[in-house]
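Knowing the structure of chain A, use the given hints to seat chain B on it.
In order, the protein sequences belong to chains A and B.
Each residue of the first sequence is one higher than the one before, counting from 1 in my numbering.
Each residue of the second sequence is one higher than the one before, counting from 84 in my numbering.
Since the hints were derived computationally from the structure, they do not count as laboratory data.
Among the clues, some could well be false.
What the hints assert, rightly or not - Calculated Cβ distances over 12 Å to all of chain B for the following chain A residues:
1. 1
2. 28
3. 32
4. 47
5. 53
6. 54
7. 58
8. 81
9. 83
What the hints assert, rightly or not - Simulated restraints on C-beta separations:
10. A:61 - B:216: 45 to 55 Å
11. B:194 - A:8: 25 to 35 Å
12. A:25 - B:194: 12 to 22 Å
13. A:24 - B:108: 41 to 51 Å
14. B:212 - A:55: 50 to 60 Å
15. B:150 - A:55: 36 to 46 Å
16. B:150 - A:40: 31 to 41 Å
17. A:53 - B:206: 47 to 57 Å
18. A:38 - B:217: 34 to 44 Å
19. B:212 - A:47: 49 to 59 Å
20. B:220 - A:23: 28 to 38 Å
21. B:212 - A:45: 49 to 59 Å
Ideal placement from N, C-alpha and C gives every residue a C-beta, glycine not left out.
What follows is the residue order along each chain.
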Amino acid sequence: MTFSVLVEVQLRSGISDPQGQTIERALPTLGYEGVSGVRVGKSMRFTVEAADEAAARAQVDEICQKVLTNPVIEDAIITVDPA
Amino acid sequence: MTKVGVVVFPGTNCESDVIESVRALGGEAEMVWHGDSSLPQLDAVVIPGGFAHGDYLRPGAIAQFSSIMGAVREFADKGGPVVGICNGFQVLTETGLLPGALQKNAGLKFLCQPATLRVETSNSSLTSAAEVGQTLRIPINHFEGNFTCSPETLAQLQDEDRVVVTYVDNPNGSMGDIAGVCNEGRNVVGLMPHPERASNALLGSEDGNVMFTSLLQSALANA
Numbered sequence: 001m002t003f004s005v006l007v008e009v010q011l012r013s014g015i016s017d018p019q020g021q022t023i024e025r026a027l028p029t030l031g032y033e034g035v036s037g038v039r040v041g042k043s044m045r046f047t048v049e050a051a052d053e054a055a056a057r058a059q060v061d062e063i064c065q066k067v068l069t070n071p072v073i074e075d076a077i078i079t080v081d082p083a
Numbered sequence: 084m085t086k087v088g089v090v091v092f093p094g095t096n097c098e099s100d101v102i103e104s105v106r107a108l109g110g111e112a113e114m115v116w117h118g119d120s121s122l123p124q125l126d127a128v129v130i131p132g133g134f135a136h137g138d139y140l141r142p143g144a145i146a147q148f149s150s151i152m153g154a155v156r157e158f159a160d161k162g163g164p165v166v167g168i169c170n171g172f173q174v175l176t177e178t179g180l181l182p183g184a185l186q187k188n189a190g191l192k193f194l195c196q197p198a199t200l201r202v203e204t205s206n207s208s209l210t211s212a213a214e215v216g217q218t219l220r221i222p223i224n225h226f227e228g229n230f231t232c233s234p235e236t237l238a239q240l241q242d243e244d245r246v247v248v249t250y251v252d253n254p255n256g257s258m259g260d261i262a263g264v265c266n267e268g269r270n271v272v273g274l275m276p277h278p279e280r281a282s283n284a285l286l287g288s289e290d291g292n293v294m295f296t297s298l299l300q301s302a303l304a305n306a
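Just chain A, with the same shape it has in the complex:
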């Protein structure tokens, strides 16, 4: 089966996010008040072939651990759907 995958990489909570902080500081100067908790991440989309959803998820999990994230500072939210 083919599954479409969405991986959202984000900095772990507690790890400072200079990009998020910079955006947050810039917003009030543009007139947007009351925005807080800005965190910047990245998303990746791809498809995988696997026997079932659990197998697809296990494979994506491994890929995330090995290369898509740096586990020292990042974690990933993985969404797997039948394509």
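Showing chain B alone in chain A's frame:
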């Protein structure tokens, strides 16, 4: 004569400077291509600065899978001196040979400026010829140099005397003002500043030479 191998990835750009610095101190140096799966006969390895594999995904993230890194890991495991400078430091953390990670600089500025470093230990392959407390004027040139790790790892690095150099005026937000660290065996060292850019008075500083002298001494001990 001791021989230093300088690893070149697509996007590496400081290899010639490192080779020149080593040769100026009487050492031998040669380039090693990232696609090779074994190292030639060497006494030390330097992973120089630049943008290995375009820094795609994360700095060092793709480089950790280059064929040569298996041989570099083996060399390091046997106690061989391995030094990562700037992007090379990022490669070594991504490879897991050094702890922590290099985050985007606090303030999001690309920093290209001289930095004053304090030598925190002389027990490493890069600082054996230096003295603890000695200050060195060495340039930095990076966007992702903000050393980050868990509080436990930071405490461990400090307890085990594995912080090699710190910034006197922290320019990038690094935890513990850390500019460079070493592994448990003290033979693998990574640092963000560029000692090869402080290797001749014409460049504004010769303070980087004590690091290459240390590396050549460590290489000789390993030969």
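Do the hints match the structure? See the list:
Separation of residue 1 of chain A from chain B is adequate, the least Cβ-Cβ distance of about 27 Å exceeding the 12 Å criterion. Every CB of chain B is more than 12 Å from the CB of residue 28 of chain A (nearest about 17 Å), matching its label as outside the interface. Even its closest Cβ contact with chain B, about 19 Å, leaves residue 32 of chain A beyond 12 Å, as expected for a residue assigned away from the interface. Non-interface status of residue 47 of chain A relative to chain B is upheld: no Cβ of that chain comes within 12 Å, the nearest being about 19 Å off.
Distance check for residue 53 of chain A against chain B: the nearest CB is about 26 Å away, which clears 12 Å, and the non-interface claim stands. The non-interface label for residue 54 of chain A is consistent with chain B: the shortest C-beta to C-beta separation is roughly 26 Å, beyond 12 Å. In this structure residue 58 of chain A is separated from chain B by more than 12 Å, as the shortest Cβ-Cβ distance comes to about 21 Å. Every CB of chain B is more than 12 Å from the CB of residue 81 of chain A (nearest about 23 Å), matching its label as outside the interface.
Every C-beta of chain B lies more than 12 Å from that of residue 83 of chain A, the closest at about 24 Å, which supports listing it as non-interface. Our hint of 45 to 55 Å for residue 61 of chain A and residue 216 of chain B holds, since their Cβ atoms are close to 47 Å apart. Here the CB-CB span from residue 194 of chain B to residue 8 of chain A is close to 29 Å, well matched to the stated 25 to 35 Å. Residue 25 of chain A and residue 194 of chain B have their C-beta atoms about 19 Å apart, which keeps the hinted 12 to 22 Å range intact.
With their beta carbons about 48 Å apart, residue 24 of chain A and residue 108 of chain B fall inside the hinted range of 41 to 51 Å. For residue 212 of chain B and residue 55 of chain A, the Cβ-Cβ distance of about 54 Å falls inside the hinted range of 50 to 60 Å, so the restraint holds. Taking 36 to 46 Å as the suggested C-beta distance range, the pair residue 150 of chain B and residue 55 of chain A does not conform, at roughly 29 Å. For the pair residue 150 of chain B and residue 40 of chain A, the supplied restraint of 31 to 41 Å holds, since their beta-carbon distance comes to about 33 Å.
Taken as a hint, the range 47 to 57 Å holds for the pair residue 53 of chain A and residue 206 of chain B, whose Cβ atoms sit roughly 52 Å apart. Between residue 38 of chain A and residue 217 of chain B the Cβ separation comes to about 41 Å, which falls inside the hinted range of 34 to 44 Å. The hinted window of 49 to 59 Å between residue 212 of chain B and residue 47 of chain A holds, with their beta carbons roughly 54 Å apart. Residue 220 of chain B and residue 23 of chain A have their C-beta atoms about 34 Å apart, which keeps the hinted 28 to 38 Å range intact.
The given range of 49 to 59 Å is respected by residue 212 of chain B and residue 45 of chain A, whose C-beta atoms sit roughly 51 Å from each other.
Of the numbered hints given earlier, the model fails hint 15 alone.
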